[in-house]
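The listed protein sequences correspond, in order, to chains A and B. Per my numbering, the first sequence starts with residue 1, numbered consecutively. Per my numbering, the second sequence starts with residue 1001, numbered consecutively.
Hint data in this document are derived by calculation from the structure and do not stem from the laboratory.
Simulated pairs of lysine-lysine, PhoX-like, Cα-Cα distance not exceeding 25 Å:
#1 Lys1248/B x Lys1228/B
#2 Lys459/A x Lys1310/B
#3 Lys1253/B x Lys1309/B
#4 Lys1255/B x Lys1310/B
#5 Lys1365/B x Lys1394/B
#6 Lys418/A x Lys381/A
#7 Lys89/A x Lys381/A
#8 Lys459/A x Lys1309/B
#9 Lys1114/B x Lys324/A
Computed, partial: chain A to chain B, Cβ under 8 Å:
#10 Trp321
#11 Gly322
#12 Gln332
#13 Ala333
#14 Ile337
#15 Ile356
#16 Lys367
#17 Ala375
#18 Phe421
#19 Tyr424
#20 Ile454
For glycine and all other residues, C-beta sits at the position ideal for the given N, C-alpha and C.
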Amino acid sequence: MNMTKLLKLSIFFSLAFWGLINFLNAEPFESTYTPLPSQNIIIRNANIYDGEGNELLNTDLLIKDRKIAAIGNDLPVTDDFEVIDASGKWVTPGIIDIHSHMGVYPAPGVRTSSDGNEATSPVTADVWAEHSIWVQDPQYTLALSGGVTAFHVLPGSANLIGGRGVTVKNLQRNTINSMKFPNAPHSLKMACGENPKRVYGNRQQAPSTRMGNIAGYRKAWIEAEGYLNRLNEYESKSDEAKEMGYKPTRDLELDTLAGVLRGEILVHNHCYRADEMASMIDVAKEFGYKITAFHHGVEAYKIADLLAENNICGALWADWWGFKHEAYDMVQANIAIVDQARGGTGCAIVHSDDAIGIQHLNQEASKALSAGLRAGYDISKARAMNWITSNPAKAAGIYDQTGSLKVGKNADVVIWSKNPFSVYALAETVFIDGGLAYDRESGFYPSSDFDVGIINSNKNRLEE
Amino acid sequence: MFTKIFKTFLCLVFISSLFADTTLIKNATIYDGFKNIPFEGNILIENGTIKRISSANMQADFVIDASGMIVTPGIIGTDTNIGIVEIGALSVTRDDSSEIYSIGFSIHDAFNPKSTLIPWNRSNGVTSALSLPQNTSSPIGGLGSYFLLDGELDITSNKDIVMIGNVGGSSNKSRAETFAVMDDLLSFASSINARDLSSDSDIAELIEGSTIADFMELHPRDVKALFKLVNDNLPLIISTHRASDILKLIELKEKYSLNLIIKGAQDASLVASQIAESNTPLIINPINNIPGSFDELASNIEMASRLEKKGIDIMFNTPRSHNFHLVRQGAGVAVANGMSYEAALKAITSTPANVFNIEQRGEIKTGYFADIVIWDADPLEPSSMPEYVFINGKVIDLTTRSSRLRDRYTTQPEKPNTYRN
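Bound conformation, chain A alone:
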């Protein structure tokens, strides 16, 4: 055997070895998403809200190789581009909902597929929402007709720590991995207040009070700190020392919590009351993690500055209130107040938590905006558009890929019949990664398997 052969062989083996290592280290449940067929498109003469706070009237938008390629006037294109005349129409980035339970609480809402709350223990950081998602939920296509191109699915709020959330593309597929948004981080759902203390208090177990809630989070984080220390300690050892000892046994629950402490998993915290949100910020500081967003936050306006100072988004409703005591102090300007905090550095998001609301996030933003204007704030529609596009994209950790019509980003684009801040505006055409996902006029939309033949065997559910 000559040297060249030996070298080749050793290269082969080392490559095979690395391949094996990579295979072993590969994250389970990785996205296998592939986009819809696409072509290059020029949308002419559109009025655009770009999701970055800008309004561009009578402007062209160019989609090439599934990306936003250019925005401007009289953009030159070659013959192979499909031309869409959007005169008098409006174009926005795809709408993103940061709080959805589609798939985990699908329609029809029946016991057999209600899989959103693992309400068997107050801390269930080991469960992942994506393993509950029913991919045939007929609600995705309804959200698509409202311009929603991506959404973040969370476990419910029965638990202090409810498990991992997942961001998906609004493209119905027959496995969840093929819907998962590529390279989107996981999230962790936490919940304050009435829900966990009611669920467990009713069973005569902890937590039954708000102080019990806080103790519950802290105990979980103390465990996570210990786990992370053991992992770090092991990783810092020399190879010889590693061989001598044992690698700490994996713990699914603590894997998730350690992921938060490492900054890899984003915390989304259901929390209504201002005083509780403030306490949760202290818990986060005690253990060195960051809260990405408070969800529901009916009282966020009371601590809007504190949220802005800590770079925490408020993912909020325009006007829901009164269904619980902790949702009693509703102010319609809540979203605007959070947005305008500390000189307009606040992060406001309009979320739905509702399969009807997700179809009309543009209207929800419109209500929140008009309440802000009535409260005396000077907020443009273009800025309010950020509340349902770029801000939720940031909170989901996918802003580098979508959430605004920036050159180079994914071509997730909605063409609206009218200004989307009007109740009469309809999403006419929706592109996801440059692929046509929905077209109102031609009746092009996905149907789930559930929709097939369920009322009349020769039709799909939504066909008249």
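Starting from the known structure of chain A, fit chain B onto it as the hints suggest.
Same frame as chain A, but now just chain B:
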């Protein structure tokens, strides 16, 4: 500052209107809840009622120039629990269920005119509401009342003007049983003579003599309510969705000459002709296109528009009474999806008044009570708000707990927040 000036302004308006015998809303674009096209005109209000509607100029103590503004009748909240539920998940604030009565349970005497839902909803254009109990243990049962949302402790109401009921998919019994119980109850009700109700002991005898009444352990109140249902043409709102259930209810309506209204009715498009033929009005939530159960598979965002084309009387509801005013958003969505603007507006004003026999309300018409809203823009745009709300001709103060909390956190930064107004 803006808020302060606005408040002072409102205060002045409020005070001047209190002392005004006559109010004139001039140059308004009027949707009167009856005609199919809006018209320009002036509305003269005197002693709480609409005295005159005219294009001619009129004199009044208090004049509002409504140029460029839309004026509509006050919204009537069909299907709410306003005044009987303060906080949904807090049972001590709920008065919408009974442990003793089923058919004859009335929520009327629980109504709280000081509920925070009232200023909030009326500042958003809802001037009166039908409040209904929860479904009772009987598939037909529970009485709803109609209330004026003026917030006065001396309440203005129409007591027990509607009975409710429901039928549909359930985990523990067949809907066939539900229909049989309904039929038995209605048959029992039809057999009652007024003279049998003269005393509680007479009624007790009636109950004993009826298998169904005895089995359901009815009380005299329940029997009286049943009698009223079949003899006084009391509107009966049954919640149901599935097409086959709707047809079954229409059969019962015809058999017992019921004044039937169907609520929910997510499958209604499948049986629209039969609904139209039987003159059965519907209460639907036009924004709800979710196939939320196996009974509602035909849910469709175009439902309101399809039903309108069949000539069905449509009213709108929304599941959350705290924001019942969002029925405007639902109406706007219905219009966006093919319904006519006028029909959508009638669905929240004149249609409920007609269906529930609420006299002299629901339209802007001479002689009617002046429940009127002047909007800052199109009322079916949820971003719009009322500039003025009149109930019985009185200008309503549009301050709400919510607007006070907003002001508390956006003004007076010089004071610690608990010392702010």
